[in-house]
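Chemist: Here is what each chain is made of, one letter per residue.
2 protein chains.
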Amino acid sequence: MNAMSEGGAARDPVERLRRGETSAVETMRFYLRRIEARENEVRAFAYLAPEAAIAAAEKADAAQASGGPLHGLPVAVKDIIDTADMPTEFGGEIFAGRRPRRDATIVSRLRSAGAIVVGKAVTSQYALFVPGPTRNPRDLARTPGGSSSGSAAAVAAGFVPVALGTQTNGSIIRPASYCGVVGFKPSLGLLPRTGVLRHAPLVDHPGVFARTVADAAIVIDAIGGEDAEDALSRPLPGSLLAAANAEGPPPKLGFALGPFEDRADPATRAAFAVFIAGLPVKAEEVALGPEFAKAEGTMSDLMCAGVAESLGPDIDRAKDRVPERVLRIVAEGRALSALRLMQAWTRRDALRVDATRLIAPYDAVLTFASSGPAPVASEGTGDPIFATLWSLIGAPAMSLPLMRAANGLPIGVQAVGAPGRDLDLVRATAWLMRVGAR
Amino acid sequence: MNAMSEGGAARDPVERLRRGETSAVETMRFYLRRIEARENEVRAFAYLAPEAAIAAAEKADAAQASGGPLHGLPVAVKDIIDTADMPTEFGGEIFAGRRPRRDATIVSRLRSAGAIVVGKAVTSQYALFVPGPTRNPRDLARTPGGSSSGSAAAVAAGFVPVALGTQTNGSIIRPASYCGVVGFKPSLGLLPRTGVLRHAPLVDHPGVFARTVADAAIVIDAIGGEDAEDALSRPLPGSLLAAANAEGPPPKLGFALGPFEDRADPATRAAFAVFIAGLPVKAEEVALGPEFAKAEGTMSDLMCAGVAESLGPDIDRAKDRVPERVLRIVAEGRALSALRLMQAWTRRDALRVDATRLIAPYDAVLTFASSGPAPVASEGTGDPIFATLWSLIGAPAMSLPLMRAANGLPIGVQAVGAPGRDLDLVRATAWLMRVGAR
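Residue numbers (this note's numbering), protein chains in the order written: chain A, 1 to 438; chain B, 1001 to 1438.
Hints may contain errors.
Stretches of chain A that chain B covers, calculated by requiring three or more beta carbons in the stretch to come under 8 angstroms of a beta carbon on chain B [unchecked claim]:
| # | segment |
| --- | --- |
| 1 | 223–231 |
| 2 | 332–345 |
| 3 | 349–355 |
Estimated spans, in silico, between C-beta atoms of each pair [stated by the list, open to error]:
| # | chain 1 | residue 1 | chain 2 | residue 2 | range |
| --- | --- | --- | --- | --- | --- |
| 4 | A | L279 | B | A1293 | 57 to 65 angstroms |
| 5 | A | A242 | B | G1289 | 43 to 51 angstroms |
| 6 | A | A360 | B | P1313 | 25 to 33 angstroms |
| 7 | B | E1379 | A | A350 | 34 to 42 angstroms |
| 8 | A | E226 | B | R1404 | 36 to 44 angstroms |
| 9 | B | A1350 | A | R317 | 16 to 24 angstroms |
In case anyone wonders, no lab produced these hints; they're calculated from the structure. Glycine included, each C-beta is placed from N, C-alpha and C at the ideal position.
Construct all of the structure, not just a fragment, from the sequences and the given hints.
Modeler: Structure (C-alpha cells):
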C-alpha cells in the first residue's frame, strides 16, 4: 500500500503497515477499536468477526515474508458477495443464515493477496431500494445511500480503509458521494461477478470504496481480471496503481450536465459549476443530449428482468416476508416480453456507442454523482440517476469527495471514462484528488 | 501469406502472390476464370464485381510496397456482412437492393490489410434455414450447408482462397464439413459484429473459410480484435498465424461424442472412431453428459428472441414475401417472456462453465462437425446440432476436412477449444492437418 500519498498522513495505519512499522495485528486492533466505538450508531456491518480477524492478522504477521500486496489489509465486504466463512444474506430476511460454500472470486483473490475480511457490510434489501439499518457517519440522521450502504459507511467512519461494494444502477457512486469517500466502479468485466448476487449480467459491477484513488487501485489490481466462470469478465488493462501514481501533464477533462441535470438540486448544480470553473485546467463541456434519458427505462427493463429471474423463485417461497417494492420489481420483470428485453439490450448497445463517442476524447468527463448531499434517512437511499447511464454502458466511473454542501455534508464529483479506459480514468482522478485537496 | 505449407503446392497462386512471383491482377484473373467456369452451376455468389476486383488489384499492384498482410488476396464475403460498395441483401427478397452506407468492421479491416472483396456470397434467407440457390461443388445435387452456403462453396470450388461467413448456431462448421474446407469460428468477440446482421448478440460469431488453418489464421489476425462499437468484442490473444506455424510437441487431444451422438449417421460415427484411433497420439474421451442436451433449447430461445427483435419490424412490412419458417421463428421469439430469455442466458452461462471445465485440459477436443456428408439439396441445409453447444458457449471451433464418406464426399472433424484459448486450438488444428494429410 504505497497509496497514502494523496491522503498525506504518514501516521496512517495502512501506510505504517506497508512500511513494516506496525504489524497486521496492531493495524487490525486499531480498526476494531474504531468499529467498537461507533458501530452501534453507524450500523455498517451485517456480520462482524473480530476474533477471526485478529486470528487472521496473527497468521499474516507470522507469514509476513510471503505477504501479498494487500498484506494485513482490513476489508469489509458487501453482504451480497459470497464469503465461505461468514453468512451472506443479501440484506434479506428470507436468506437469513445463508452460508455460501465458497468465496466469491473477488473475495478469494482478496485473501490470496493478503487482505483480511473483517465482516459483511450492510446492503439494501437484495441490493434494491429498501434500506438496511446503516446510517451516514457524517450525519447519523441521514442515509449513507444504497445499496452498498455499509461499505460506504464503513470506509467513511474509518472502520476499514477499504470495502467491496457493487453497483447495478447507482449503488457505489451515490453512497460514495453521500459518505464523502472514493467509490470506484471499473469497466464492466474488470471485476468478475462469480459468487455475487446476480441482478442483470450486462450491468452488474463490483467495485471498491476507499479513502484514496490509489487505495482503490491497488485493490482492483489484486482482485481484477478474467475469471473462467464469468463470461463477461476481462483482463486488467495494466496496473491501476501505477496509473494512480503516474506523474505527467494534467489530464484532458470534459464535463457533462446531461439530460437529468434537473434532478440535481440547485445548490449542487451551483457548487458543481464553481468546482469546474475552479479547476486548474479547462474542462470542455460535453453535450449529452436528451436521447441519453433513455438510459433510465433501459436500465429498468434490464434490472427487472434480471431480478425476476435471479431472485424470483426464492421470493415466491416467502412473499409475506418480502417488501412490497421488491415484489413489484419481480412482478414488473415477469410482465416483460423477451422482445422488450432484447430492445433494451439493443438500445443499451447504441447508447454505449453514442456516449463513448462523446467521452472518448477525454481522460475523464466530470458530472454529478448524486442529486445533492445525503437525504435524511426517512426519505430512502436517494436517487441513483446520475450513475445510470455509465452503469448501463459499462463505463468506468468514480465518485470523488471534492464538493461540500452548505451544511458541511460531502457531495461527490463523478468522473467517468470510456469503457475499457480505466487506466486513463485512474490517472485523471488521482490528479483531481491532488489538485482538489490543495 | 506464408500459409500454404500444409497444402504444399508452391505453385499455389496465393503463395506465388505472397512471394512476389505474380501480381495481384494475375492472381485475381486466375480466380475470376475459375468463377467464370463454374459459377453458373455452383451459384456461390449473390453479387459479383469482377471489374471492380480487377481495378482494385491494379491499384494494389501499383501500391505494392505499402501492401498489407493480405495484399491482393481475393475474398468472398457472406451477404449478411455489410459492404459499402456492394449490395448486402441478407439473402432475403425484402432487402433487395439494400446498400449499406459503410463496411462492416471486419470488411474495412480486410481492405485495410490489402484484401480485395470479389463479391457477396449467398446466405440462407436471413441466415436462417431456407436455402439460397448455392449447390455443393463436390456434388451439385447436394447442399453446401447453411447459412454460410456461398462462402463455403466458393472456397471449395476454388473461386476464392478465403471467404468470410458467420455462425450463430451451426452456419460455419456444418457447411465447412459438407464442402471439405477449413471453417473456423473463433471465440465469441474475437471478430467484431459491427455491420453484420444481428441474430443474437450472445451467440453471433463471424468466421473464416479457407483451405488451410494458416490461411484462416492470417485473415483473423488482420481483422480480429476489439471494436468500440461491439460491446462483446475482445482483443486478439496473439498471432494466430504464429500459432499455426509453430513447431512443438503434439497437442493434448480429447474427443467427445456428446449427447447428440445419435444424430450422427452410423457410417460417420464409425469413420470418426477410425479417425480417432488412427491419430498418432492418443485422444482421451471427454464425457459430455446428457445435461449438455439443454444447449439446443437454450440456443433456440436466444435465437428466436434475437431474430424477433432484429428482423421482426422489417418482416412485418412484407409478410407475404417471407417464408413460413422465418415467420415462425419471429412468432416464437415474440411469444417468449423476458424471464424465459433470462433463464436461457443463465443456463448458457452455466453450460459454459461446465463444458469449459471438461475441455480445458485439452488443446483441442475433437467431435462431429455434421451428422454426415452433405444431404441432397431437397432435404435442406442439414442439421446444425453438432455446432450448437460450442456456439452457445462462445468457444473457438473449427471444422477440418479430414474424413470422407463411402461415396467420396468430405466430412469434417470438428475441433473445439476452451473459450479464449484460440491460440492453442490453432496450434492443435494445424498439427492435425499436417498429420491428417500424410
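Chemist: It remains to establish, for every hint, whether it holds in the given structure.
Modeler: These are the hints, each one checked on the structure:
| no. | hint | result |
| --- | --- | --- |
| 1 | 223–231 | holds (count 4) |
| 2 | 332–345 | holds (count 11) |
| 3 | 349–355 | holds (count 3) |
| 4 | A:L279 x B:A1293: 57 to 65 angstroms | 59 angstroms, holds |
| 5 | A:A242 x B:G1289: 43 to 51 angstroms | 46 angstroms, holds |
| 6 | A:A360 x B:P1313: 25 to 33 angstroms | 30 angstroms, holds |
| 7 | B:E1379 x A:A350: 34 to 42 angstroms | 40 angstroms, holds |
| 8 | A:E226 x B:R1404: 36 to 44 angstroms | 40 angstroms, holds |
| 9 | B:A1350 x A:R317: 16 to 24 angstroms | 21 angstroms, holds |
In the structure shown, no violation is registered for any of the earlier numbered hints.
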